[in-house]
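J.: The chain contents come next:
2 protein chains.
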Amino acid sequence: MALGQDSTMKTASSFAELLTGEQKMIDSIKGWVGGSLIGDDCALISSQTLVSTDALVEGVHFRRDLMSLEEIGWKAAAVNLSDIAAMAGRPRYLFVTVCAPAGFSQNDFRSLYEGIGSCARQFRVSIAGGDITASDQLMLSLTVIGDVHENGCLTRSGAKPGDVIIATGDFGASRAGLWQLLAGEASKRNSKDGGGSHTLGKHIHPMPRLSEAWMLVGKTGSAGALMDASDGLADALVQLARANSVGMMVELGSIPIDAQTKKIAAQAGVDPVDWALYGGEDYELVGCIDANVWGEWRKEGSKNNPFVPIGIVTDGVSIDLTRYGSPAPPLDMSKCFQHL
Amino acid sequence: MALGQDSTMKTASSFAELLTGEQKMIDSIKGWVGGSLIGDDCALISSQTLVSTDALVEGVHFRRDLMSLEEIGWKAAAVNLSDIAAMAGRPRYLFVTVCAPAGFSQNDFRSLYEGIGSCARQFRVSIAGGDITASDQLMLSLTVIGDVHENGCLTRSGAKPGDVIIATGDFGASRAGLWQLLAGEASKRNSKDGGGSHTLGKHIHPMPRLSEAWMLVGKTGSAGALMDASDGLADALVQLARANSVGMMVELGSIPIDAQTKKIAAQAGVDPVDWALYGGEDYELVGCIDANVWGEWRKEGSKNNPFVPIGIVTDGVSIDLTRYGSPAPPLDMSKCFQHL
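Chains as they are written, first to last, in the working numbering: chain A, 6 to 345; chain B, 6 to 345.
The set of hints was computed from the structure by calculation and includes no laboratory data.
Heads up, a few of these hints could be off.
Identical chains blur together in the list; that is why a pair holds if it fits in one copy or across any two.
Claimed, not checked - Quick list of in silico lysine to aspartate or glutamate cross-link-like pairs, EDC-like style, CA-CA up to 20 Å:
id	residue 1	residue 2
1	Lys340	Asp276
2	Lys35	Glu75
3	Lys224	Asp152
4	Lys35	Glu119
5	Lys29	Asp113
6	Lys35	Glu305
7	Lys340	Asp70
8	Lys308	Asp325
9	Lys29	Glu119
10	Lys267	Glu63
11	Lys224	Asp320
Note that the structure is predicted; figures quoted are calculated from it, not measured.
All chains, please: the whole structure from these sequences, using the hints.
T.: Below is the structure:
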């Protein structure tokens with residue numbers, strides 16, 4: 006997660022219980038360093054420039070027995086670019102720091118950098134610098150610098166009661182892919198993007214939702230709210246609600262979940278909605294958009310609109326869930342995966 | 006070191022033997038990712054913006070039994086800002102990523118961030134974001150973003166035969182301070198800046214040479230060459246010579262070495278010139294300036310000119326050393342400290 010996340014501390018007591026240790030730490034850090042700029046997926050350091058940084062640590066964020074170094078490199082870059090997508094920006098420059106243990110060979114470095122370079126090229130980002138050093142544990146730290154989109158900048162703030170909550174793609178698939186890898190199905194895949202498996206592909210080869218974000222900002226300008234669901238849909242909803250001091254009503258039945266995710270969840274004996282809410286690493290966009298703007302845009306059809314509605318913003322102080330219209334149990338943030 | 010360093014690969018064969026493993030790796034990375042922007046202490050990503058990133062790993066770059074977390078935080082920030090000084094830029098924003106092992110307490114985080122924040126405040130830099138995550142080993146990764154100075158931007162390129170090689174401050178003191186710490190003299194210091202000890206202060210509490218760089222760029226504009234001697238004076242001379250395909254004549258007797266450094270070197274049984282050339286971590290500036298510009302500036306006296314001359318740029322293909330006028334043995338890069 007970016008240090009910038011979750012920092013607009015609101016007093017709505019209903020959300021206090023939904024704060025993770027990570028989020029509390031960020032609030033502490035703001036106090037220690039006086040970081041008034043800390044506040045979103047990216048830091049907006051001028052009217053034009055976005056910056057975000059992400060660290061990935063072996064054994065915490067990835068395992069080399071489950072993913073190749075090229076895949077790890079791609080994912081590290083994609084995750085970083087996703088933070089720029091979360092502000093609807095255009096990523097431009099990537100800075101790559103690698104701390105590598107003894108025995109990390111020239112070929113290992115090559116694979117890692119080729120994975121990073123492959124993602125950077127696909128999204129037309131230049132690798133402009135970085136650092137390399139020794140360590141006991143493989144660690145990547147990437148910083149991306151981007152431009153604010155000419156149509157506007159979407160932050161976590163900007164939602165209002167009555168807005169429609171919208172999301173791209175589908176949720177829970179990355180968690181299903183991880184389950185497949187942990188269950189030893191890794192050997193079945195025959196290509197770096199998951200070998201045609203949607204779930205493995207989402208886990209191994211995530212795609213930053215840049216073009217989707219640009220379509221949104223083309224419709225909304227800077228009005229509305231946006232973030233990426235890197236830590237799960239539930240976390241994204243909580244962050245958006247906190248940042249705007251609003252409540253939400255979310256229909257679990259409308260959360261897009263791929264058929265393959267449901268199938269694997271059944272194999273695992275898990276409710277696929279839990280994976281969608283808490284699994285994380287889907288890197289889909291979650292936003293809030295004016296209901297009238299949404300109504301018009303929706304008419305254009307799914308080809309011109311990559312988002313689906315999953316709920317509405319309320320003037321309440323809690324996130325209320327329904328499942329096919331009936332009240333559902335509240336969010337349980339203890340189910341979230343935390344890297345700290 | 007920054008990935009940006011040392012990347013202007015020249016064919017001057019005399020320098021090939023002076024290449025470190027680190028430098029060769031950087032050239033490989035450029036090939037893998039197509040990083041044409043990789044090229045100096047900072048990446049110049051627009052006509053106005055400088056970016057640099059540095060990683061510090063426990064056991065590689067620092068030891069917690071020798072320095073407090075507040076001192077480690079200060080040094081991490083200062084080292085990062087020094088890369089902006091190396092381009093004569095103005096640092097503006099700092100992004101701080103901390104990977105912390107289990108048992109790293111809230112107070113530990115606080116000390117670390119207070120050290121970073123203290124340095125940032127002193128040099129009027131805003132902490133604008135970052136990341137925190139778990140790891141086995143304490144690891145910091147800092148990214149600084151700065152503005153090009155209104156008078157110009159100094160890179161490693163821009164030196165020409167006949168230029169005067171100039172440097173700030175003094176060399177070898179940081180290595181002497183490290184020797185004191187390793188010899189168990191750490192307990193003697195009573196404050197975070199080395200307790201009045203010049204050498205401990207240089208090691209523990211380095212100062213980025215920002216105002217010195219701004220004085221230089223005020224005299225030269227974008228003409229000339231500049232870098233910081235983070236990996237030692239010898240490394241800085243080699244990088245400047247390679248980046249410009251020039252030779253150098255350096256008088257070892259004119260390298261500024263503090264009396265305390267000499268005293269500690271005598272205790273350690275080491276030639277203080279070796280510490281000055283290869284010890285590293287002095288974070289002084291080393292540059293090349295037009296001889297006429299230098300001649301005029303020098304007349305203003307040391308109060309208005311923080312640099313001293315240590316040699317001249319030649320049209321040769323090697324770095325020739327003299328010691329009080331007599332030929333001295335060539336540089337021996339195997340004496341350099343390398344983090345990779």
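J.: All the hints need checking, so say for each whether the structure fits it.
T.: Here is what the structure says about each hint:
1. Lys340 to Asp276: Within. Shortest intra-copy distance 12 Å satisfies the 20 Å Cα cut-off; inter-copy 60 Å does not.
2. Lys35 to Glu75: Between. Shortest inter-copy distance 16 Å satisfies the 20 Å Cα cut-off; intra-copy 35 Å does not.
3. Lys224 to Asp152: Within one copy, since 18 Å is at most 20 Å while 33 Å is not.
4. Lys35 to Glu119: between (36 Å within a copy, 11 Å between copies)
5. Lys29 to Asp113: between (37 Å within a copy, 15 Å between copies)
6. Lys35 to Glu305: So Lys35 and Glu305 fail the 20 Å test inside a copy (43 Å) and across (44 Å) alike.
7. Lys340 to Asp70: Result: close neither inside a copy nor across copies, 25 Å intra and 38 Å inter.
8. Lys308 to Asp325: neither (30 Å within a copy, 68 Å between copies)
9. Lys29 to Glu119: Classified as between; 17 Å across copies, 36 Å inside a copy.
10. Lys267 to Glu63: neither (29 Å within a copy, 44 Å between copies)
11. Lys224 to Asp320: neither (24 Å within a copy, 60 Å between copies)
In summary, the structure is inconsistent with hints 6, 7, 8, 10 and 11 from the numbered list given earlier, while agreeing with the others.
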